[in-house]
Amino acid sequence: MARTIRKVTDLPGFRGFTWLFFAYLYAPLVLLVVFSFNATRSGTVWSGFSLTWYAKIAADSQIQRAALNSLTVAVCATAIATVVATAAALAMKRGVPFFGKKVTGGLIMTPLVVPEIVTAVATLLLFSAIGLSLGLGNIILAHVAFCIPFAYLPIRARLERMDESIELAARDLYATPWQTLRTVTLPLLAPGIVSGALLALITSIDDFIITMMVAEPGATTLPLYIYGMLRLGVSPEINAISTILLAVSVMVVTLSHLLTRRR
Amino acid sequence: MPQAVEIIDVVKKYGSFTALHNVTLDIRPNEFFTLLGPSGCGKTTLLRIIAGFEDITGGTLKLFGNDITALPPDRRPINTVFQHYSLFPHMTVAENVAFGLRRLKMPDAEITRRVAEMLEMIKLSSHAGRRPHQLSGGQQQRVALARALAPRPKVLLLDEPLSALDLKLRQAMRMELKTLQQQTGVTFIFVTHDQEEALAMSDRIAVLSEGRVQQIDAPQVIYEHPATRFVADFIGDANFLTAGVEQLEDGRAHCALPGGYRLIARDAGAARPGQRVSLFLRPEKLSVHDGPVEDGIGMTVRTIVYQGDATDYVVELDGGITLRSRCENRINGDPILTAGERGFLRIAPDAAKTLLD
Amino acid sequence: MTPHRATLLGIAPTLLIIGVLMVVPMIIMAAYSLMEASSFGGVLPHFSAEAYIKLLFDRDLDDSLAFDPSYMIILWRSLRIAGLATLITLCVGFPVAYFIATRPPEQRTLLIFLITIPFWTNLLIRTYSWVLILRDTGLINTVLQAGGLTDQPVKLLYTEGAILFGLVYTYAPFMVLPLYTSLEKLDFRLVEAARDLYCGPWGALRHVVLPLVKPGLVAGSILVFVPCLGAFVAPDLLGGGKELMISTLIQLQFTSSRNWPFGAALALVLLALVMLTLTVSAVRQARATAEGGH
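Top to bottom, those sequences are chains G, X and D.
Note that numbering that gives the first Met the number 0 has the first sequence beginning at 0, numbered continuously upward.
Note that numbering that gives the first Met the number 0 has the second sequence beginning at 0, numbered continuously upward.
Note that numbering that gives the first Met the number 0 has the third sequence beginning at 0, numbered continuously upward.
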């Protein structure tokens with residue numbers, strides 16, 4: 000029946016408008032990808048397929064260093080944020096009530112609420128005040144903070160959907176709380192954890208503003224490098240890097256999406 | 000005077016699935032008409048087509064002689080009482096009732112008057128300022144009714160409006176709905192899967208199955224003279240037996256049953272001698288007796304089920320046939336016979352009816 | 000280990016990290032905003048309200064204060080652009096969210112997924128892709144000139160319009176998702192009821208759908224307004240850094256201008272604006288819930 004209820008609820012023009020919106024959403028990205036394979040420098044005139052620009056970035060050691068830095072930061076920040084967020088989600092959803100629980104829930108979300116530029120400035124001031132200078136370490140620390148809510152949300156959502164009676168069944172069958180956590184809760188939670196980790200990973204790899212403010216000279220990540228190139232003007236190498244980053248993002252998000260959807 | 004609603008050769012398909020096969024039926028003015036059938040029979044689809052929520056694959060729809068096939072719901076002078084009431088949660092009871100009147104651009108004074116009248120009718124005048132979620136299920140039901148009747152539609156559609164209520168309330172509402180229909184004189188088209196409801200309220204019933212109309216008749220006719228095996232089975236309880244027709248006489252069939260029994264069945268219709276037919280018997284037309292009676296058949300009681308006002312007996316005739324009988328209880332409520340006891344079964348004259356499959 | 004202790008142990012690392020990396024820095028930032036700027040960057044450790052005075056006044060050579068609206072203009076521009084961007088995303092996002100919410104379930108999941116994909120791609124890249132389209136030798140101008148509609152390239156890039164375009168592009172998913180969530184929960188049988196009671200398609204939208212999805216409209220607007228107010232990339236890449244918005248101004252205080260206390264004060268102003276928006280909407284939401292009970 001569901002499909003037919005729609006008839007009366009359809010509004011004229013909304014279908015066409017939605018397809019236009021999707022065109023608006025995807026056209027720039029498609030353009031970017033297409034011209035990353037262009038034979039000449041032009042971003043508007045197609046002059047034949049070529050992998051020139053990919054070859055160029057493959058030979059560019061600076062880009063590779065930046066990519067490696069990005070990956071190092073993202074993996075470290077994600078690992079820490081995911082572990083910490085999993086523990087927090089378990090405490091919030093399966094733990095006992097504690098003093099300040101509501102405030103804690105709000106605090107976890109602060110990195111999502113506070114404008115990035117403010118977080119960036121505040122973090123910079125903290126690092127300079129205590130004289131922290133750990134190279135990539137500074138960036139990793141800053142990333143951990145804003146990765147936590149991205150990891151936390153899917154894990155919490157999964158916990159909320161999980162039937163708590165399964166865990167009670169384990170307790171009923173003589174499992175200790177720790178055994179229940181290890182053999183029942185965590186395995187069931189795994190898709191949520193992986194999904195959270197993937198989202199944190201993407202957020203870290205993509206971050207620009209906070210990284211820009213806290214990065215020390217030499218600690219250049221990929222977005223910083225791209226920004227530097229953009230300042231110098233449009234170039235097809237940016238298209239090529241962008242396409243690769245785009246592909247990585249789409250792959251990771253699709254993976255995360257499929258994991259959350261599976262029961 | 001034209002019919003209130005004429006449904007002419009209406010077909011509804013969803014992709015390759017046909018929900019309605021060439022349905023044709025007329026609904027008379029001022030009639031309480033019921034569409035009855037199991038879930039998935041197409042009754043709700045038909046109602047939604049009349050309301051204008053669904054377009055049709057083929058056929059014509061007329062309202063008092065005018066073709067309304069292509070009109071959207073807001074241009075049809077037909078209102079609906081929805082199964083789950085669908086009251087607007089952000090409006091008060093009075094605003095809900097006034098909704099249709101405002102869209103029809105009635106003068107404010109007229110709206111106020113009519114809303115008051117409607118609330119009076121459903122005895123909820125004191126709740127005019129409440130929101131739907133502050134009302135009980137029965138009250139919401141009545142508001143939905145008032146909201147749909149306020150614009151004085153030519154036809155009122157009711158989509159299983161009682162199904163969400165509990166039993167007691169449901170029975171009370173049956174009476175109320177029937178009275179309301181008689182008072183207002185509006186044509187009611189009522190959809191239900193509850194045969195009791197249909198029998199109690201309707202002037203006429205259309206029984207639907209798998210997108211086809213099985214029978215359209217008054218409740219007594221539907222109950223006593225079901226046109227098809229489906230109708231006989233769906234409405235009330237029934238025993239079905241397979242028999243061979245031996246001879247015909249005055250529209251009655253003399254039938255032979257397994258075990259050497261003979262039975263005269265009415266409504267022989269197109270049956271021919273030598274043909275095998277289904278016989279249909281209502282359990283309440285079979286009575287069990289603890290002593291010999293005229294035309295009594297020897298049997299053994301297998302199971303009894305106490306029903307309060309009556310008791311159901313499953314009995315096995317000596318010839319091997321199993322039948323169900325329903326008998327009113329004796330004054331002290333004790334069963335006539337208990338399981339395992341022997342007794343006699345009497346089949347009322349004209350109880351059996353022939354059914355051609 | 001008691002359940003209470005286990006709970007606290009679970010939450011402790013998160014609280015520690017957020018506390019040290021979000022809360023403490025805010026306090027330091029507040030403190031820095033009340034100190035004197037060092038001309039080499041950083042601060043001199045004594046109290047000064049200079050950063051806040053600078054928001055409104057210009058100090059002349061003779062140390063007298065003259066009202067200077069230039070920073071207020073930047074603040075106003077940020078508010079205006081963020082407000083406009085929110086309004087446009089609302090108008091663009093609603094039909095899309097409505098259309099998706101009225102599809103069969105399998106299609107809905109796919110369409111919503113397609114909406115989120117660009118959100119997860121790099122912000123710089125997404126904004127840069129518009130540079131490719133809007134610049135003088137970009138797609139639009141090439142097409143316009145090839146079609147003979149114009150001889151000179153139309154100036155599209157480095158305008159306020161370009162910033163708006165980029166912001167709407169970036170944050171439209173933020174609007175569509177909460178709107179979709181509200182619309183998906185909406186009982187569309189109510190729309191049928193409205194149509195049954197003589198509403199046309201737009202009447203049903205106005206009288207039934209919009210009032211019922213108002214929480215989604217508000218949530219989406221806030222989700223768009225807040226990041227637009229603090230947007231850095233779009234004004235920087237598409238506005239060319241000429242039409243300053245507050246985030247660029249903040250960033251400048253830590254790079255070329257080297258006025259950390261002023262930067263900190265500006266950041267606090269931005270934070271205060273964001274918090275104000277969130278609080279007002281939260282209070283209104285709470286009041287609406289208390290009244291409507293729905």
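A portion of the hints provided could be inaccurate.
Listing some non-contacts, in silico: residues in chain G with all C-beta distances to chain D over 10 Å [as the list claims (entries may be wrong)]:
1. Val74
2. Thr182
3. Leu185
4. Val233
Mimicking DSSO-like on lysine-lysine, the simulated pairs with C-alpha atoms at most 27 Å apart in a straight line are [unchecked claim]:
5. G:Lys101 x D:Lys213
6. D:Lys213 x X:Lys104
7. X:Lys61 x X:Lys12
8. X:Lys104 x X:Lys61
For the record, the hints were derived by calculation from the structure and aren't laboratory data.
C-beta: ideal position from N, C-alpha, C; glycine also.
Against the structure, the hints come out as follows:
no.: 1; hint: Val74; verdict: holds, 17 Å
no.: 2; hint: Thr182; verdict: holds, 17 Å
no.: 3; hint: Leu185; verdict: holds, 13 Å
no.: 4; hint: Val233; verdict: violated, 6 Å
no.: 5; hint: G:Lys101 x D:Lys213; verdict: holds, 25 Å
no.: 6; hint: D:Lys213 x X:Lys104; verdict: holds, 26 Å
no.: 7; hint: X:Lys61 x X:Lys12; verdict: holds, 20 Å
no.: 8; hint: X:Lys104 x X:Lys61; verdict: holds, 25 Å
Checked against the numbered hints given earlier, the structure breaks only hint 4 and satisfies all the rest.
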